[in-house]
Structures are given as structure tokens and as C-alpha cells.
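> Listed below are the residues making up each chain.
Protein chains: 2
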Amino acid sequence: MKSQIKYQGGLHFIGQTESGHEIQWDSAPVGVATNGSTPMEAVLQAAAVCSAMDVVSILKKRRKEISTFELEVEADRKSDHPKIFENLTITYRIAGNGITLEEVEKAVSLSHDKYCTVANMLKPKVNVGYRVELLEDQSS
Amino acid sequence: MKSQIKYQGGLHFIGQTESGHEIQWDSAPVGVATNGSTPMEAVLQAAAVCSAMDVVSILKKRRKEISTFELEVEADRKSDHPKIFENLTITYRIAGNGITLEEVEKAVSLSHDKYCTVANMLKPKVNVGYRVELLEDQSS
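For the record, the sequence lines run as chains W and P. Heads up, the first sequence is in this note's numbering, so the first residue is 619 and it goes up one at a time. Heads up, the second sequence is in this note's numbering, so the first residue is 619 and it goes up one at a time.
Next up, chain W with everything else stripped away, as it sits in the complex (with noise of 0.2 Å):
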């Protein structure tokens, strides 16, 4: 996997990837308009979404279908050099048509045990943990 990206000024970077797209990146202090997403504010929502692909992908193969999928991921980081991630907790709210709580977690801890490239590559530096909930389905 290969990218290219190129400097606009300030800390302003545009990137390209494999797939076709563009990522805007930048920087400020809090309540400064930026051009693009912080490194960690990218990385925080890649674990994320990571591993929320890996459970469309368990639960499609479960033939269950998702009506409402929704993600809170938080960190908090060290304060110290590297500011590293300390603690990283993903919140997982779901609902579907026959979907049940124990199917869910078990995609979810199948993903953090197993899939989770990006969670993979946290730990054990990033405490990675979780919750997941169960929303009521409003499709059916």
C-alpha cells in the first residue's frame, strides 16, 4: 500500500490513496478553522471504523440486516511526548430485524480478538476496550 502527499503551507497536507481518494490534513490550535482532520482525529475514527466493517461484514454473513449502526470512539492521551493514545474506548449502537445483543458482541469481540487491523496495531501500546448496545429496531 503506497500514498503520496504533498505540503500546502502552514501544516496543511493533502493526501492521495490507492483507492481514489483525497484526505485533507491539518492542524491549529482549539477553535482555529483548519483545512482537514488531525492525524490522531483520523486514527482515532480508523480503529473505529475498522472494526465496525468487520461486523456489517460477520453480521452479512449471519444474514442480518443493520437498519441503524452508529459509533462513538474516545481517547484520552498521555501527557507526555509521544502524546500517545492512553485509553481508547469504542461505543457500538445497534439495530437490526432479529438482531440480537449477544450476536453483536460476539462479531465485535471477534473483530478485536482476530480482524481489527488497526486496533491490532494499537495494542498492547493503547489500552483498546468497548461497549456495545442494543438499539430498538424501527425498520420492521
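Heads up, some of the hints might be wrong.
Note that identical chains are pooled: a pair holds if it fits in a single copy or bridges any two copies.
Here are the simulated DSBU-like cross-link-like pairs (lysine-lysine), alpha carbons at most 30 Å apart as the crow flies [unchecked claim]: (1) K682 with K724; (2) K743 with K682; (3) K696 with K678; (4) K724 with K679; (5) K732 with K682; (6) K696 with K741; (7) K620 with K724; (8) K624 with K682; (9) K682 with K620; (10) K679 with K701; (11) K679 with K732; (12) K732 with K701; (13) K624 with K678; (14) K678 with K732.
Worth flagging that the hints you see were computed from the coordinates, not collected in a lab. Computed from a predicted model, the values in this text were never measured in an experiment.
Position chain P against the provided structure of chain W, taking the given hints into account.
Positioned in the frame of chain W, the structure of chain P alone reads:
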């Protein structure tokens, strides 16, 4: 740091960052059009950009003007699950009035050893290496 992410169908997700940006995430076999970057594509770029931001900040403190800064970042992945990056190499190509190769190498090394959060979360699971090239300054 916190993010909210919503599922859009297929493997498409949209995330909101604290800095006010939207990240589009997606995944598909090579050659199939997608709505956004994959988590691994974003982590690959995040590692390079995180370090590049350090390099810009360090050179700026030394009152150096960067005229060109291009990055290439490349990684291979393990063949077994979880298919994490095995070796990741960042190439820094930089030019600026009066900037020397030695200065850039020092800034890059300081970033990898001390400041770069993303690279330092991936190590030691991922072998993170780098190359520095000084380009001819076209600005003066």
C-alpha cells in the same frame, strides 16, 4: 478526543471530528469505486503527516522557509489475520532556501524518536523506517 460515526450502508461510514471535519470511510475490492478511504489508507497517511507536521514545526522554529515538501509512504501487510502493517517507510522530499540535508535529517529523527504520536503508537509492532531527500530549491 471524541468522534461520532454513522453507518451509511455497504461498508460506507461518515465520521465527524472534533475539529469540525467530516471523514468518508469505505472499502471494496481493488478496482471497485468507493465513497472514501479505507481505515488502513488513512492510518498510513496519518503516520507520515503526523511526522511531517513535526518537521514543519521544527524547521519553522529555526526560521527556515520550506518551498517544497512531498511525502511518499509505503507499507506491506502481514498475510495472516490481523493483517497489520509489517514494514512502513516514509520518504521525505523537501526543499527550501538554505535548508540543509543535515537539518532535515535531524528534524525527522527528532520526530520519530520523541514527537510523532502516530508512528510511536504503531511501534514496535510495525517497523517504521524513513528516508530523507533534499530537493533543489526553486524558490530563490
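> Hint by hint, say whether it matches the structure.
Comparing the hints with the structure gives:
1. K682 with K724: Classified as within; 14 Å inside a copy, 53 Å across copies.
2. K743 with K682: neither (34 Å within a copy, 35 Å between copies)
3. K696 with K678: Only across copies: K696 and K678 sit 25 Å apart there, 38 Å inside one copy, limit 30 Å.
4. K724 with K679: within (13 Å within a copy, 50 Å between copies)
5. K732 with K682: For K732 and K682, only the intra-copy Cα distance (21 Å) is at most 30 Å; the inter-copy one is 46 Å.
6. K696 with K741: both (15 Å within a copy, 16 Å between copies)
7. K620 with K724: Classified as between: cross-chain Cα gap 25 Å, same-chain 33 Å, threshold 30 Å.
8. K624 with K682: between (42 Å within a copy, 18 Å between copies)
9. K682 with K620: between (34 Å within a copy, 29 Å between copies)
10. K679 with K701: This pair counts as between: shortest inter-copy Cα distance 20 Å, intra-copy 39 Å.
11. K679 with K732: within (17 Å within a copy, 44 Å between copies)
12. K732 with K701: Classified as both; 27 Å inside a copy, 9 Å across copies.
13. K624 with K678: The answer is between: 17 Å across copies meets 30 Å, while 38 Å in one copy does not.
14. K678 with K732: Answer is within; shortest intra-copy Cα gap is 18 Å, inter-copy 43 Å.
Comparing the model with each numbered hint stated earlier shows that hint 2 is the single one that does not hold.
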